[in-house]
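Asks: Kindly generate the complete structure, drawing on both the sequences and the hints.
One-letter residues, chain by chain:
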Amino acid sequence: MRILDLALKDLSQIFRDKQSLLFLVAMPIVFTFFMGFAYRNVGGDPNADTRIPLAVVDPEPDAVLNKALLTRLGSSESIRVERMSEADAMDAYRKEDVAGVLVIPVEFSGQIEAGEEAQMKLIADSTSAQGQSLYQLLRVPISQLMSAVEVSREAADIVDASDMSTEQSAAFDLAWSKWSEASKVSLVKIEPAVAEENADWTGGNPYNQSSPGILVMFAIFGLVTSAQILVQEKKSRTLQRLITTNMKPWEIVAGHMLAMFTITFLQTAMLVVFGQWVLKVDYLREPLAVLLVSVTLGLWVASMGLLIGVVAKEEQQVVLYSMIAMFLFSAMGGMWFPLETAGGAFAAIGRAMPSAWAMNGYQNILIRGLGLGSIWMAVGILSMYALFFFVLAVWRFRKMEA
Amino acid sequence: MKILDIAFKDLTRSFRSAFAIGMMVIAPLMLTGLIYFAFGGMSGGDVSMTAVKVGVVNADKLPADSVLEAPIGDNIRSMFFDESVGSWITATDYADEASARSALDEQEIGVAVIIPQNFTERYLSGKQDVQVLIISDPTLSIGPAVVQDMVTMMVDGVAGGGIALQTIMERLDANGIQTDPAQIPSWIERYGNWYAEFQRNLFHHPDKAAYVVVAPAAGEMETADPIQKVMGLTMAGQMIFFAFFTGAYSMMSILREDEEGTLARLFTTPTDRTSILTGKFLAVFLTVILQGIVLMVAGHYAFGVNWGEFGAMGLALTGQVFAATGLGVLLIAFVKNSRQGGPVLGGGLTALGMLGGLFTANMPNAMPAAMNTIANFTPQGWVLKAWRLVMDGSAAGDLLIPFAVMVAMGVVMFVVGAAMFGKRFA
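Those sequence lines, one after another, are chains E and C. Number 361 in this note's numbering belongs to position 361 of the first sequence; there are no gaps in the numbering. Number 130 in this note's numbering belongs to position 130 of the second sequence; there are no gaps in the numbering.
If you are wondering where the hints come from, they were derived from the structure by calculation, not from laboratory data. Any given hint could be a false lead.
Okay, derived cross-link-like pairs now, SDA-like style, lysine to any residue, Cα gap no bigger than 25 Å in a straight line [to be verified]: (1) E:K184 / C:V130; (2) C:K208 / E:Q136; (3) E:K184 / C:A196; (4) E:K189 / C:D129; (5) C:K208 / E:V57; (6) E:K184 / C:E121; (7) E:K399 / E:T238; (8) E:K313 / E:T238; (9) C:K208 / E:Y135; (10) C:K53 / E:S133; (11) C:K208 / C:G161; (12) E:K189 / C:D82; (13) C:K61 / E:V188; (14) E:K189 / C:D105; (15) C:K336 / E:R237; (16) C:K53 / E:K67; (17) E:K18 / C:L255; (18) E:K95 / C:W307; (19) E:K67 / C:K208; (20) E:K313 / C:S17; (21) E:K313 / E:R241; (22) E:K121 / C:I142.
Reference excerpt, derived from the structure (chain E facing chain C, CB under 8 Å, subset only) [as the list claims (entries may be wrong)]: (23) E116; (24) M120; (25) A124; (26) I142; (27) M146; (28) S147; (29) S186; (30) T225; (31) E314; (32) V319; (33) A342; (34) Q363; (35) S374; (36) S383; (37) M400.
We put the beta carbon where it would ideally sit given N, CA and C, even for glycine.
Replies: Put into structure tokens, the structure is as follows:
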């Protein structure tokens, strides 16, 4: 009962500050929209040309291979070709009007047909997603073009015609037309492993990724307010007075933790409701699983908040520790960038983070389309982290008390 | 003189505080270090990527009358078990699609490759109605793309062999020559050898490859090392974010003094209120400059960040200081007490930082064009724009517009904030 009284006192203190509360509510909503934008062009013009713009420097547009390649690229649904001079192309690239520049050297077609070495260059940022996509998208037709040339050379040798050039040209046209036909039929089919058929890797809704990501990040951010209570009690010496009462130390710690848990859980619940009704993120597909992940997330965050509150000497320190915890667990837990893009050691450590497990729990439901059985591991690990931080906080509290 | 005294007192208080040092210097360096660690460090270039876990279900069987020695599925499977890919692909065999899907759900593997039973038979009979199925964990993007690439390459090689065979036979026929079936294996072998060398050149000998991707020459746009640019932008983003934090938190000294009663005492002295505010503003100004210099030097030595030309650097830093200090004054004018400062400043500055592109600075084209437009309405967006120009090697003259905007924004925000303070403490 005394634990409840203490928690209610903390809550009334937190809810008194309307401006701070507004930030705790409004900020994650704004961020969710923002990250949703980042994952895809949500709400954009559905008729907009989404092909990757590519500048092509082609000094010999009538050369056989140049013509064949440019005709193929011209019909691409993924690349938008713009022919330019090299200077204009580089200028467009600098202004980010195009994602890359394909430079076909002079005499390319003639040299390749004659069996000599020649090289097309794609100038692009190979570290960017667009640069990488462009490279892959161009590699397929260029490989097929080179294949058609090799086939034509082989056919001309085997036929042993009197006019090798004419035979090679005819064989090239035939092989290239076969490649054009073959490229319409894919022998490889890709599908995401989801329980329900969806449009893309985000499960058809980019907020399926951003909503739980921001939810976890702001659960930690909420500590800037809730963890301050303990510091204020220490500074005003009400905590010391509380210790002299017959209330046990663990009851004091539990009371404060209950308040922090309530704040975190309410914020999480509000974001779940917002995600469900406004962003159409289907949290209610597995309500019990979402509830369990949210509760254990709240317990972990609250126990970490307790530790911050016990360790911090000033309100400002609470802000700093909470912000660092938010950045640290968000970055390492894969909320800023996918962990698969990070180095092996970082990804391994990141996957062990409680934030990554909370995210994993939500992703199992929202993106992987799995059921209640898929979240037990996440729930168990979050509970272990909550216990670890709680024990650490109690230990620090006892030291402080001593 | 009194202005300087107030500024000096605030500076002493700031630098004595472990919180201030942590926020100003340690936090941005730590977060940049985290990103540095994430991408494996840039000088050695040794980025050990997370291994892609692949599950293979190879049900393909060789038809009885096939000219091939082994089914195509065996070639696809062996690619993933090859020693050469052992450092970045971990492959496991699965008996059927259901067990592979179950492994995917359990996250034991990230990608499953399912080769159907009659793949070789259907393909060789010209009926290309069967497909190799790649099922991937929907939260992954790189691993599935790598696997797709490998399978497509292998299948393209097979398709190329088929096209070579058909073309040669049709050209022989067109020239009135009968195909000798005994010659077919040698034709396929010749094409196979060419394809293997073509792929080898493409991936291992870019100087000999027919197609290569190159970064723009240094000075054209990119730095010679793209990872270094990523680290530079990461450091710039963190430096800007925490400069604005410092600006706002340093201004909080006025609220603390108000709460502690020393501000009221100060007002009873002959020092006019403008001098008090100017003294506090000067302290913040100097703190943000010092913070910027320390972070730039630390960023250069710790992460090899090339900040650019000295004059341009000076303009960007000065503009950053004006903008950060001005926003600090404005934000603090809205905060009633220091307790409220945490969520309001933390939330407000994080939101403006995100809208200004500070957290996505190192991700090219991460945000839609509309977000770049929104960034133009935030001071952080303009500061980032200035640092981008400096790091791209622009001269000081190229920075005049962003510099003017940063200073103008800083001054306007300061004037509005100061007016609000004037009213509050009138």
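Asks: Now tell me, hint by hint, if it's right for this structure.
Replies: Structure-based check of each hint:
no.	hint	in the structure
1	E:K184 / C:V130	holds (14 Å)
2	C:K208 / E:Q136	holds (18 Å)
3	E:K184 / C:A196	holds (24 Å)
4	E:K189 / C:D129	holds (11 Å)
5	C:K208 / E:V57	holds (21 Å)
6	E:K184 / C:E121	holds (20 Å)
7	E:K399 / E:T238	holds (17 Å)
8	E:K313 / E:T238	holds (14 Å)
9	C:K208 / E:Y135	holds (17 Å)
10	C:K53 / E:S133	holds (22 Å)
11	C:K208 / C:G161	holds (22 Å)
12	E:K189 / C:D82	holds (23 Å)
13	C:K61 / E:V188	holds (18 Å)
14	E:K189 / C:D105	holds (19 Å)
15	C:K336 / E:R237	holds (23 Å)
16	C:K53 / E:K67	violated (41 Å)
17	E:K18 / C:L255	holds (18 Å)
18	E:K95 / C:W307	holds (21 Å)
19	E:K67 / C:K208	holds (23 Å)
20	E:K313 / C:S17	holds (12 Å)
21	E:K313 / E:R241	holds (17 Å)
22	E:K121 / C:I142	holds (24 Å)
23	E116	violated (11 Å)
24	M120	holds (5 Å)
25	A124	holds (6 Å)
26	I142	holds (5 Å)
27	M146	holds (5 Å)
28	S147	holds (5 Å)
29	S186	holds (7 Å)
30	T225	holds (5 Å)
31	E314	holds (6 Å)
32	V319	holds (4 Å)
33	A342	holds (4 Å)
34	Q363	holds (5 Å)
35	S374	holds (7 Å)
36	S383	violated (19 Å)
37	M400	violated (18 Å)
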